[in-house]
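Add chains B and C to chain A, keeping to what the hints say.
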Amino acid sequence: MRKCSIDNINDVLKALSEKIPLYLPVDRLDGKATYQKYQEGKVWSNALNTERSAKDFFFPQMENLVEFKTQGKNVEVIDIRDEKQDFIIFGVRACDVKSFEILDRVFLSQPVDTFYKSRREHGIIFSLACSKPNETCFCSVFNIDATAPAGDVTLWKTETEVFFKANTEKGEKILSEIDSLTTECGEETVNEQREKTKKILSKLPLSDLDLTNFGVGKTKALFDSPLWKEMSSTCLGCGTCTFVCPTCQCYDIKEFKVGDKVTRFRCWDSCMYSDFTKMAHGNPRLTQAERFRQRFMHKLVYYPDNNDGLFSCVGCGRCLSKCPISMNIVKVIKRVGGKENE
Amino acid sequence: MSNNEVLIPTVGVITDVRRDTPDIKTFRVVTPNGVKPFEHKPGQCAMLSIPGVGEAMFSITSSPTNTEYMEFSIKKCGCVTEWLHSAEVGQQITIRGPYGKPFPVDDEFVGKDLLFVAGGVGLAPLRSVINYCRHYRERYGSIDIVYGSRSKDDLLDYKEIIDEWSNEEGVNVHLTIDNPQEGWDGHVGFVPNYVKELNFSTNKTAVLCGPPIMIKFTLEGLCSLGFDKTQIYTTLELRMKCGVGKCGRCNVGSKYVCKDGPVFRFDELDELPSEY
Amino acid sequence: MQKVSREILVDKAISLLNQGVVKAVFGWRKGEFDYDVTPAVFTTEKDIKENFVFNGFCGANFSKYLVAKTVNFDGKILVFLKSCDTYSFNQLLTEHRFDREKVYAVGIPCDGMADISKVKEIAGDGVSKIDFEGDMMKVTTLYQDEPVEIKLGDVLLERCYNCKSKKHVAYDELIGEDGEVLDSNRFDEVAKLEAMTPDERFAFWQGELSKCLRCNACRDVCPACTCEKCVFDNPNSGVENKAAANSFEEKMFHIIRAFHVAGRCTDCGECSRVCPQNIPLHLLNRKFIKDINQFYGEYQAGEQVGSRAPLVNYTTEDVEPCDVFKGGEENA
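Protein chains in written order, with the numbering used here: chain A, 17 to 358; chain B, 15 to 290; chain C, -9 to 322.
The following block holds chain A by itself, in its conformation from the complex (with noise of 0.2 Å):
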């Protein structure tokens, strides 16, 4: 483990970017922290995390997947793929690396998406230990470790040093490339920030939610609840949750047409919508209910079911402070999975 003075952070940061682009947390003027590409006079954040999660590295809202030239009864098909550049995502909390593997599991099982696998693989994530988590937190129902993230390079900060950890090969030589700036030190600093990081988590109001009744094969069970329609019946149907989610990764493809050349991009889409899955001849979710279903159904247990048990959520309760009406995944399982629907 290695270690400099926070006061020294910034030395570090421009020693990094100047290697290799660095994303880092930055408040905007309206205090809430969004990820920025680092330069000289960007501050790292001291919030908690961003307001819009890390999976826009890997899964950006828009990329262009292809272009067509038309002419006459002629298509060409133009593949505009192009090689990407390592970038590093300095400062991710836990949640967010951990969303990292749940899209894996989704754009890099066959047939893998070469757009997703070839920003992960240039990506070099710099995670950061939490020490003041919040009340929306519940990333440990979901056996997240806040205080010892995975990534690359794991970073711990106090009030006055960071700690750096390198977990990958990638890591390792990325830190032994600022060498000259960190100085070699043992963990008790970190491991004493961790205890006193692991009690606060297990005192959090939302760290005793009770999953047993989701997860895989609780489809049946589930399915026709009453509560669905009950708690979405005031839901708006925008795609906000959706949209905040580090881990929601459906899409949409589109296009756009200049002239005879043609765009097909992909944007991110939200099973809210009223018209996900509308075809020309009917809709299979024709109500919210049904819509509001799919998308918590999803998570808590389509997901599982098709990945070993796996959820689709982190905790990271971006769903919770944005959602306009209040309504969010904590209420589904405490509700849907309490109780009233035994």
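Below, a list of computed lysine-lysine pairs in the BS3-like style, where the Cα atoms sit at most 27 Å apart:
hint: 1; chain 1: C; residue 1: K66; chain 2: C; residue 2: K156
hint: 2; chain 1: C; residue 1: K39; chain 2: C; residue 2: K2
hint: 3; chain 1: A; residue 1: K133; chain 2: C; residue 2: K201
hint: 4; chain 1: A; residue 1: K215; chain 2: C; residue 2: K110
hint: 5; chain 1: C; residue 1: K128; chain 2: A; residue 2: K347
hint: 6; chain 1: C; residue 1: K201; chain 2: A; residue 2: K53
hint: 7; chain 1: C; residue 1: K110; chain 2: A; residue 2: K148
hint: 8; chain 1: A; residue 1: K245; chain 2: C; residue 2: K36
hint: 9; chain 1: B; residue 1: K230; chain 2: A; residue 2: K294
hint: 10; chain 1: A; residue 1: K212; chain 2: C; residue 2: K128
hint: 11; chain 1: A; residue 1: K53; chain 2: C; residue 2: K241
hint: 12; chain 1: C; residue 1: K59; chain 2: A; residue 2: K294
hint: 13; chain 1: A; residue 1: K173; chain 2: A; residue 2: K215
hint: 14; chain 1: C; residue 1: K201; chain 2: A; residue 2: K100
hint: 15; chain 1: A; residue 1: K48; chain 2: C; residue 2: K277
hint: 16; chain 1: A; residue 1: K219; chain 2: C; residue 2: K110
Listed below are several chain C residues computed to face chain A (Cβ distance under 7 Å; list not exhaustive):
hint: 17; residue: G21
hint: 18; residue: G116
hint: 19; residue: A207
hint: 20; residue: V211
hint: 21; residue: A233
hint: 22; residue: V264
hint: 23; residue: P266
These aren't lab readings, by the way, just hints derived from the structure by calculation.
Yeah, the Cβ is synthetic: ideal placement off N, Cα and C, and Gly gets one too.
Just chains B and C now, kept in the frame of chain A:
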């Protein structure tokens, strides 16, 4: 980048357009080099697109045993299909695939008496299986085909059915139309009723494809004849974008129609929520 | 603490339900914390007693829900309306969006509603409990030994800072005393934008609108956006988009929406309240309101049922289009 990307299609050329019914046309597609775009199995689908118009999933109508080209029988019902219906021979489109789980023609179907029941454009996905089974005739028992449509003019592949299927030994074709029509001396009535009337023996493996209402009542009919749901297959259709189980919209419960389907056995469907 | 307590609303709801005046009650359902209340329909006394809440976080405007909730509903629905909500209520009635006969509206006084993110800016993260005492709230957090005391007035939602009216313009019954239309400073922020150079203003909006996720929450919550099918949801419209294909599109959505609700927007502020990216969307609408006031005389959408908005009402005194255009130039 050299690796293959499923979302990037290849060019296909329409080399023949055949009008089957007032609203169904069959398109023959090859690559610009004149060969079949890719190999497939009966029941699988392909994504066809017209850049600037859109992309949609279609079942491959031609049999895998056809080594020269692919065919798609397409009913006019949305943007992409309307555009295709106006396309002429020589038009280039894009194609990617094959997608989905095929009918179990090389395992469960082998040695079985087969019963195909189709309504309207529902014959399109079955034509691939029927012709495959006709090609490997010795592998299967008898073949019964019940096919119905609104009218005589709405029967798909009528010429092939009359000239080839009907004349083949061991293949029994039972056609029906919804209402009496001049020049039609065959059966008149809805498919589900006809299936019951025909009183098939229950040792058959059945494959259903057609409008939901036809499927529902044919399934009930077959079950009342004594068929078990493990003997009956169908193929589903839901909105798809990626075709490979990632874009997230064609699921029925934990199953993606594009990847885990479109072919399902009815006992499998019973395990899924009824959201299709 | 609001002037009206939860107990008064609960008693009112239960008595109207038990008398058979209403068959359902639209209210706020308690959440996991003291601030995450959810709009909900209650139909039983038990549910109301156990789960109905009313506190300083009940900002949601229920008016728009009446459009969907009254259709195919046999009987009356009780709805609690804050003064600002009543303007949306009237505007929807003006546009014949729901059947007035199916609603029993109870006006409730409001001291302004709090914005939890502002509370957290003061108290810090880890808010575990919020107790209201008078116009103060005591915020208990995981990280402070003592509760943090915050004045409600310091953490109001933006729209409540600039409350335009404490007067209820529609109700069947009013709890407490009615308030007055207020002299608000709500156009000050618009004036600030008008004072910018076009380049500065463009940069301002580009900065704000580029944050947009296209989640459509602003549209979906907006009481003026009640089209059965929005053009932006119609795949055949040619403008349906979930992500901006270019930087023009992200502006187009918001600008078209602002035009569409011009003259009908009551300035209820829901768009900015729900925006997950904190875009001050209400400023677009407020600019329209300010201009309409300037060009056609003071007009408040929703003040009266059946009033004709200046933009859909021709009079010979109307300002000439060229003057409107020039007006824009002067402001530019």
